[in-house]
Structure formats: structure tokens, C-alpha cells
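Trainee: As a plain string of letters, each chain reads:
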Amino acid sequence: MIAGSMVYINRMQEIISDFDGTVISSNDAIHSIELGTNIFMIHPFFESLKGSLDTRPDIYFTFPCINLSMGGKDYYCDVIIKKEKNFVAILLFNYSDHYNEVREKIQKINSEKLNS
Amino acid sequence: MAAVKKIVLIGHFGVGKTSLVRRYVDSAFNEDYLVTVGVHVKKKEVTIDEEIVTLIIWDIEGNNSIDKARSSYLLGTHGFIYVFDVMRPETYEDIQSEMDYLEDNYKDIPVCMVGNKSDLFTEEFNQDFFNDQVFKNCYFTSAKTGDKVEDLFIELAKRTL
Chain A
336 MIAGSMVYIN RMQEIISDFD GTVISSNDAI HSIELGTNIF MIHPFFESLK
386 GSLDTRPDIY FTFPCINLSM GGKDYYCDVI IKKEKNFVAI LLFNYSDHYN
436 EVREKIQKIN SEKLNS
Chain B
1426 MAAVKKIVLI GHFGVGKTSL VRRYVDSAFN EDYLVTVGVH VKKKEVTIDE
1476 EIVTLIIWDI EGNNSIDKAR SSYLLGTHGF IYVFDVMRPE TYEDIQSEMD
1526 YLEDNYKDIP VCMVGNKSDL FTEEFNQDFF NDQVFKNCYF TSAKTGDKVE
1576 DLFIELAKRT L
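Respectively, the protein sequence lines represent chains A and B. For the first sequence, position 24 matches number 359 in this note's numbering, and the numbering has no gaps at all. For the second sequence, position 134 matches number 1559 in this note's numbering, and the numbering has no gaps at all.
If you're looking for bench data, these hints aren't it; they were derived computationally from the structure. Ideal Cβ positions, reconstructed from N, Cα and C, are used throughout, including at glycine. Don't take each hint at face value.
Reference listing, derived: stretches of chain A covered by chain B, where coverage requires no fewer than 3 residues with Cβ under 8 angstroms from a Cβ of chain B [claimed, not checked]: (1) 349–362; (2) 368–381; (3) 399–411; (4) 423–431.
Can you build the whole structure from these sequences, using the hints too?
Mentor: Here it is as C-alpha cells:
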């Protein structure tokens, strides 16, 4: 059980920001983020959510398989965005190994179809 | 402050969605097919009538029909680009129903239809082949040569304002 829990701890990054996107806390499990950084500046994926966060009061979004290039590295993450009363919680789950395996398999299948 | 507009590319796999984005954002092209899983998001700023517009471009994995796309990817979309491959009929044979789906489910969201790989047109097989009414406002682009790619994104950006 402990080993199983550690798998998720190492894969999951919790980022807390205010409604303007300023990062208040981050456990930096995947990517190091300096406190005070604006989350919308980290990657265009987050920037594209700004409008929805501004206008909607109750938000719980789940985004599977988002390719995030951060700090010179590429990740495939599942992302959860939850707007709470006083902050926004952003949870990143790093499933790069899994999605890279999927990508290799689909690449082979699709290439065969395109070449047939 | 720049307006921010989310643009989503949809269409079958292998039609050149990623290549169109690479051509437009990075001015680059690669002949090799590289599958997209999930979504890649890129951005580009453009100036429309002296107004700066930030296009956040979602390049999503290929699907045979839009209703198979993950719904969260389409959330908050300001404009769609529906891409097909002019050389592969299976990528446009259901295009009317795909347009109807967008009209029914994303009313008032502008859609640009794109026939990509126009560099493969010949004298005998060219855009005149696509004379059905559904293709009336279709752009014929080549991510390889860059033909009409910028025009496409600028046109859609204008229509989102």
C-alpha cells in the first residue's frame, strides 16, 4: 500500500492559485514553479482556461492526455481544474510513460492504414 | 489587453492538423507522419484591424467523427477548423453530417472547413472536384508549401471577434 501511494505522490502535482492565476503553492512533484508565478504564463493550455475561470462560479474540469512542454521537458498529463471558494486547485497527473506507449502503438496502426 | 481566442482543429487522423499548426506557428514542416495523442496546445499572436488577438490553438487527436472527441477539449471554443485530406475520401465523405453536428451543438461558433494537402492536386484532380455546396467556403491549404495557411487562421480569427 505504501509503495502504491508513493507512485501517485511522485506523479501528482498540486498547484494552488488565486483567481488571477498567481501561484500560491505547489508541491513541484513534476515541474518546479516559483511562487508568485502566473499559472496562465506557464503554458498556453492554462491560458486558454482563463476565460472559463473568470466567468463561471463552479468549475470542475478534467482534461485527459494534455501534452505540456515545461522547462524544456515534454509531459503527458491528465489535468483536473477545480475552482473553490477562495482559490483554484490544479492537479497534474504525469502519465507520460503510459501515453508514450499508447502513442507508439497508435503510430504503428495509423501508419499502416495510411500506407495501405 | 489582447483578446484570447481558443481555436480547435478537428478531423480524421493523418489529415495534417498538426502540420497546419506547425506551419502557422513555427513556420516548419515535416513529411513524416507523427500521431497526436490527446492534445497539443500552441499559441500565436496576430493583429486584426489594429487589435492584438492571442490565438490559443488546440491540436487534438484525430477522430472519425466529432462526437468521439473528448468533450472537455471542446469546452470554451471560439472557433473550429475542420480539416480533411483532399486525397482521402474517407476523411470528407461524412462532412455534411459533421457540419450539421457542429451547427447543432456549437451554434454561433465559427467553423472553417479545410481541404489540406492541396500540393497533391493535379491538372485532372483539383479543387474543382469539390463543387458540392457543402464545400462552398472551403479553404484548400498545403501545410507543406504554406499555401493559404495564414489566410485560414486570419480569417477564422476575424470571425471570432
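Trainee: Look at each hint and say if it fits the structure.
Mentor: How the hints compare with the structure:
{"no.": "1", "hint": "349–362", "verdict": "violated (count 0)"}
{"no.": "2", "hint": "368–381", "verdict": "holds (count 3)"}
{"no.": "3", "hint": "399–411", "verdict": "holds (count 5)"}
{"no.": "4", "hint": "423–431", "verdict": "violated (count 0)"}
In this structure, the earlier hints numbered 1 and 4 are contradicted, and the remaining ones agree with it.
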